[in-house]
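K.L.:
Protein chains in written order, with numbering that gives the first Met the number 0: chain A, 0 to 752; chain B, 0 to 156.
These are computed hints drawn from the structure, not numbers from a lab.
Only a predicted model underlies this, so the values are computations on that prediction, with no experimental measurement involved.
Wrong hints could be hidden among the right ones.
Said to hold, decoys possible - With a cut-off of at most 35 Å between alpha-carbon atoms, the simulated DSBU-like pairs for lysine-lysine come out as follows:
no.	chain 1	residue 1	chain 2	residue 2
1	A	Lys682	A	Lys667
2	B	Lys151	A	Lys633
3	A	Lys617	B	Lys125
4	B	Lys125	A	Lys655
5	A	Lys617	A	Lys425
6	A	Lys424	B	Lys125
7	B	Lys125	A	Lys667
8	A	Lys424	A	Lys406
9	A	Lys425	B	Lys125
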Amino acid sequence: MADYGILGKEVIRKDGPQKAEGSLKYMGDLFFDGMLYGRLVLPPVPHAYLKGIDCQEAEAMPGVVKVVTAADVKGTNLHGLCSVDQPSICKDHVRYLGDFIAVVVAETAEEAEKAVPLVKADYEVLPFYLTPEEALAPGAVVIHEQCPGNIRCALSHKKGDVGEGFEQSDIILENTYTSPYIEHAFLECEAGVARPLEDGGVELWTPTQYGIRARRQLSELLGIPLEKVHVHSHPLGGGFGGKDDLILQGAICACALACGKPVKIVLNREESFLLGPKRIPAKITMKTGVDKSGKLIAQKVFVETTSGAYDAYSTAILCSMLENVCGVYKVPNFEAEGRNVVTNNAYTTAMRGFGNNQVNFAIESQMNILAEKAGISPYEIRKINAAKAGERTAYGQKISPSFYSEKALDTAESSDLWQHREEWKKGAEHPWIRRGVGMALCQQGIGIGSVIPVDASHAELVLHEDGSLTVKFGNEDMGQGCITTLCMIASESLKIPYDRIDYVCGDTDAELDSGPITASRTTYITGRAVLIAAEKLKKAMADVLGIRKEDLSFEDGKVNGYTYQQLAVMLGPDDCTQNGGASFRNPDIEIEFGLHYMTSQLAQVSAVEVDTLTGQTKVVETVTAPASGKIINKLGYEGQCEGGIVMSQGNALYEKYRTKQDGFPLTKNFQTYMLPTISEAPKITILPVEDPEEDGPFGARGIGEPTSVPGTAAIAAAIYDAVGIRFCDLPCDQETVLMAIAEKEAEREGAAD
Amino acid sequence: MKHISFVLNHEKVELDVAANERLLDVIRGRFHLTGTKEACGQGECGACTILLNGEAVHSCLMLAYQADGADIVTIEGLAKDGELDAVQQAFLEAGAIQCGYCTPGMIMSAKGLLLANPHPTADEIKEALSGNLCRCTGYVKIQQAVELAAEKGGSRS
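Start from the sequences and build out the full structure, keeping to the hints where you can.
P.N.:
Next up, the structure:
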């Protein structure tokens, strides 16, 4: 085992002190002289043509400077990640209730708010569709011209012969699993401030998960050359995928340019829920066949997703879902089909797990049920079907050598909670409290995968004359802790003390494209870029000392007897700055939509108590065994595990974004949209599988997403273990569980009569 | 308009406020003390928590004039002579901070608890912080941070 200085230790995050002091400025905290405030004018119906707009009365109100509309946006006015289909300010076709048609800009937010109802618009109201069933009905109005039949995209893939496979199967199981709209529910609502520049450009402060891409998009939609758009995209008060694409940024910039002054827009929670993208709802029909021993023979899957009003990442998520419909398992015969449907409901995008959460709930539930039918344990069925390093997935994608699904599974299985579960289950305090324990397993692609040609990252290191170091990269820190991780990697490599390292991140003026903060990619890929830059810096040090790089020795804060100050002077400014670039490898890709060579794997065991009188499920304990390579910052790693687990618990038990029949949300704020609180947080035991990633920075790869994936299936299995009822529709909330228990009781009484 | 005065982070302040002005907006908008956050505006998330006469309250649910004569401490007023309060230090050391948006409110709720109850039980911590939402941490390290703060003199005012 290598002897590490700082790696694997509990390190206080770089941005922690400012956050603890309350001194860190988020974008909504910024004030500029003469700053104006924008409030949105929202449509009254989810689907309509906008025929005309009259701003005169609103513009005559005290304090109002201008009502900004699509006519004020001088470029394409469009953005989007998979399709460029979403207007910054709605021009002529309202496709959902968040399609704001204008922004009232005034000297105060209150004055802007007062003028909003005075903006008069003429609508031709259209029929609207909140669900795929409605949008696919014959004769339905087409919501996007480029999506005939309201089908955004359809995908399919097959291998072997599923018909034959099912014939050979001894046990066949078919179920339909549903997952609802889920809010990202970051604590910081969408916000931003833009100010116009003298050269006709614009400077924007906004929380977004990829500032460099935001700049490209803004340049197009505003019709301003790229070099005149400046984006400060860090920090973020949470993101989880929901701040990956633009949302308000085009409108904020357009307002600043149209008014000639800084303009700030901050959404309130109700607006954030109404406008913001969500986790994609999915309906997954899965037919699975195994032989007597529980070995998988055939799997047929149909996945239907709700894109909602705009594409955002929804098409790519459907690809990711199909990639993951067989979980970590080898299946000789399979067929998968997917369909992504446009509706007039909220649009959908990336959320921690990128579609894997929904399909993992389906495949892992199938595995738990099939284990019982085959008379083997949930552990055994996974053990005999899990793919191994170097093998190929169900899709034929070659698996990286650093693949440890079995080891993660074995680790979870050997936990005290799993080993002593039968004993634990007997210890409930009251007869109406039933205890159960469930298990699930997952893999999660690291990096964007083969869906894009190159997934790359760049970083820069600058050694200063005072011996300190600056680590520069494009990636923003949305809480995941990449600043700390990347500074630790630099510290470990160059032996410069962590507290002598500073950072620059999330600023397009630094001109460093590190790619998006998405797909659990930053630790691995920007970490590698930092390491490569560090190796170049070491080479430069060796050259200036006239020795070979391998003869460098780092001792007592010195390099071959020279202090870092001395070395910085000897190197000179040019050689003190070194760049690194790295990209993901995805060898042996056989099909056209995105697959991953590298994944992290994770097994989870959850223990619950179900109160059969109230239907309430309490998660008492969770064990997680993540295989995501070497730990860089122990505190950050554990924080990702705990955060992901509790987020998936919300997904399993409480959370569902609901709308009324008119399309307006029923779940408008945290009173009605239930997030887990500290009272619901279980005891969490983390059992890391630290086998190194073959070419990861110090053996590390991503941990952020997989932690949130297997929770729903593990909890649903635990509820079954407690009360004998299988739930295929999320969430398993109190009312659902209580009604199911009552139904089961009624059936039993009926049978007794 | 009503003329009011109160102590804000150990200094007396005076100002005119409108009858419908929220205390949160005065703190953020007039004094630019932006450590106090708004995340729901209806007392559900706790991001706007401050200490009012030593008690943790939601500043989004209070009108500014109700603060007349009160002693208010926001997150910016917790550190003394450049040294973090024991609760702030415990949040750092325990790794209880991720995106940081809930952190000021979380710390103020914890401080309010420890001022009233220097050695809370695990359940008392849960109860005191159950009105503060966090989407990042899963709360485990927040619980540990409050326990650590209690050990390290977090109850000192």
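K.L.:
Determine for every hint whether it applies to the structure shown.
P.N.:
Against the structure, the hints:
1. Between Lys682(A) and Lys667(A) the CA atoms are separated by roughly 30 Å; this keeps the pair inside 35 Å, and the hint holds.
2. Between Lys151(B) and Lys633(A) the alpha-carbon distance is near 22 Å, which keeps this suggested pair within the 35 Å criterion.
3. Restraint check for Lys617(A) and Lys125(B): satisfied, since their Cα atoms lie roughly 15 Å apart, inside the 35 Å limit.
4. Restraint check: the Cα-Cα separation between Lys125(B) and Lys655(A) comes to about 24 Å, which is no more than 35 Å; the hinted pair holds.
5. A hinted pair counts as satisfied when its Cα atoms are at most 35 Å apart, and Lys617(A) with Lys425(A) qualifies at roughly 16 Å.
6. Between Lys424(A) and Lys125(B), the direct Cα distance comes to roughly 25 Å. Compliance with the 35 Å bound is thereby established for this hinted pair.
7. Of the supplied pair hints, the one linking Lys125(B) and Lys667(A) holds, its CA atoms being roughly 25 Å apart against a limit of 35 Å.
8. For the given pair, Lys424(A) sits about 26 Å from Lys406(A) by alpha-carbon distance, which is consistent with the 35 Å threshold.
9. Between the alpha carbons of Lys425(A) and Lys125(B) the distance comes to roughly 26 Å, so the proposed pair stays at or under 35 Å and holds.
Against the hints set out earlier in the document, no violation occurs for any number.
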